[in-house]
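Chemist: Produce the complete structure using the sequences and hints provided.
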Amino acid sequence: MTERFDALVVGAGPTGLACGIDLQQRGVNTVLVEKGCVVNSIYHYPTNMTFFTTPELLEIGNIPMTSLNDKPNRTEALKYYRKVAEHFHLDIRQYERVDRIAGEDGSFQVFTTDRLGCHHIYQARKIILATGYYDVPNRLGMPGEDLDKVMHYYKEAHPYYNQDVAVIGAKNSAAIAALELHWSGARVTLIHRGAAISGSVKYWIKPNIENRIRQGEIRAYFNSRLVEILKDSIRVATPEGEISLQNDFVFALVGYRPDLVFLNSTGISIEPATLRPRTDPQTLES
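Letter by letter, the sequence shown follows residues 168 to 453 of our numbering.
Rather than coming from a laboratory, the hints here were simulated on the basis of the structure.
It is possible that some hints are incorrect.
Distance ranges between label pairs, derived from CB positions [unchecked claim]:
1. Q330 x T446: 42 to 48 Å
2. L427 x R360: 21 to 27 Å
3. R392 x K322: 24 to 30 Å
4. L245 x R267: 27 to 33 Å
5. R360 x E438: 22 to 28 Å
6. L412 x C285: 44 to 50 Å
7. Q261 x G352: 47 to 53 Å
8. Y328 x A440: 42 to 48 Å
9. E323 x H286: 34 to 40 Å
10. R386 x F278: 46 to 52 Å
11. P444 x A362: 29 to 35 Å
12. Y328 x R445: 44 to 50 Å
In silico lysine-lysine, PhoX-like type, Cα no more than 20 Å apart, as pairs [what the hints assert, rightly or not]:
13. K238 x K373
14. K338 x K369
15. K316 x K250
16. K322 x K369
17. K322 x K246
18. K322 x K338
19. K250 x K238
20. K338 x K373
21. K398 x K238
All residues carry an ideal CB built from backbone N, CA and C; glycine is no exception.
Modeler: Structure (structure tokens):
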């Protein structure tokens, strides 16, 4: 059975929610389809993460956001966006993946599969893709990367107490993970192909991670790269030569990218240098 809407939004993150609210307020019959939970990307942020921005800049739908501190944390953001979705009675189909989009402007067909394996078809005059930039982790491209002990997202440190943990990368995600893992009793090794901790790391995090490295509390190998991941160890190419380190878990925190395969399948072409959609300079339409 086909359901019909004026507009369909793919993704129920903050941008997707904001689009759904604006469309609804304009009297446009809208449905949001989300492959995970509401604001799925924020849910996957580290459990104790604090945003770099102020609450006002996270607000949507003219609904105020409150925080106990100057900067909101992940838990406060999740609660806020749930309340916003509830306030506007948004029609959100969670845990439903978009498989294919067909048709043309004014008459699109969207084919989806929900978490029970049931297939759905939606017809919509307009489609909005709000799928974000945190969807697909960058891969290291080496033997052993598919072992269960390798993770591309960091949630919390407790499970890694008294374990040998390698953190790959030196930007915000890697620095925060390395610090929290160290504070929770993990033996942390940070590996980065660059010469130092990234200059873009938040100003209250950067001196902390650098001091932990300087004092030998966190072992760091710069100008180095992972060569192979084994069940109980890792091989690392360093400026002094290749070494083998005992290892229980690897956090490959080397960044993320949008789901380009999905975007390309919808007919959107991407600028290779910037990964931005090619758009009409006059209308900004892709």
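Chemist: Would the pair K322 and K369 pass a check requiring their Cα atoms to be no farther apart than 20 Å?
Modeler: holds (19 Å)
Chemist: CA of K322 to CA of K338, is that 20 Å or under?
Modeler: holds (16 Å)
Chemist: Mind checking the hinted window 42 to 48 Å against the Cβ distance between Q330 and T446?
Modeler: At 47 Å between Cβs, range holds.
Chemist: For the range 44 to 50 Å, tell me whether the beta carbons of Y328 and R445 fit it or not.
Modeler: Once the Cβ atoms are compared, 48 Å apart, the range 44 to 50 Å for R445 and Y328 holds.
Chemist: Checking one constraint from the list: CA of K398 to CA of K238, max 20 Å. Satisfied?
Modeler: Given that 20 Å is the threshold and the Cα spacing comes to 40 Å, the pair is violated.
Chemist: At the C-beta level, are L245 and R267 separated by a distance inside 27 to 33 Å?
Modeler: Given about 30 Å between the Cβ atoms, the range holds.
Chemist: Indicate whether the distance between the beta carbons of Y328 and A440 respects the range 42 to 48 Å.
Modeler: Given range 42 to 48 Å: holds, Cβ gap about 43 Å.
Chemist: Within a Cα-Cα threshold of 20 Å, do K238 and K373 meet the stated pairing?
Modeler: holds (18 Å)
Chemist: Within 34 to 40 Å or not, the Cβ separation of E323 and H286?
Modeler: With a Cβ separation near 36 Å, E323 and H286 satisfy 34 to 40 Å, so the hint holds.
Chemist: For the range 29 to 35 Å, tell me whether the beta carbons of P444 and A362 fit it or not.
Modeler: holds (34 Å)
Chemist: Below or equal to 20 Å on CA atoms is what counts here, so check K250 against K238.
Modeler: At roughly 19 Å apart (the allowed maximum being 20 Å), K238 and K250 satisfy the hint.
Chemist: Looking only at beta-carbon atoms, does the pair R360, E438 fall within the given range of 22 to 28 Å?
Modeler: Between R360 and E438, where Cβ atoms are some 25 Å apart, the hint holds.
Comparing the model with each earlier hint shows violations of hints 7, 15, 21; every other hint is respected.
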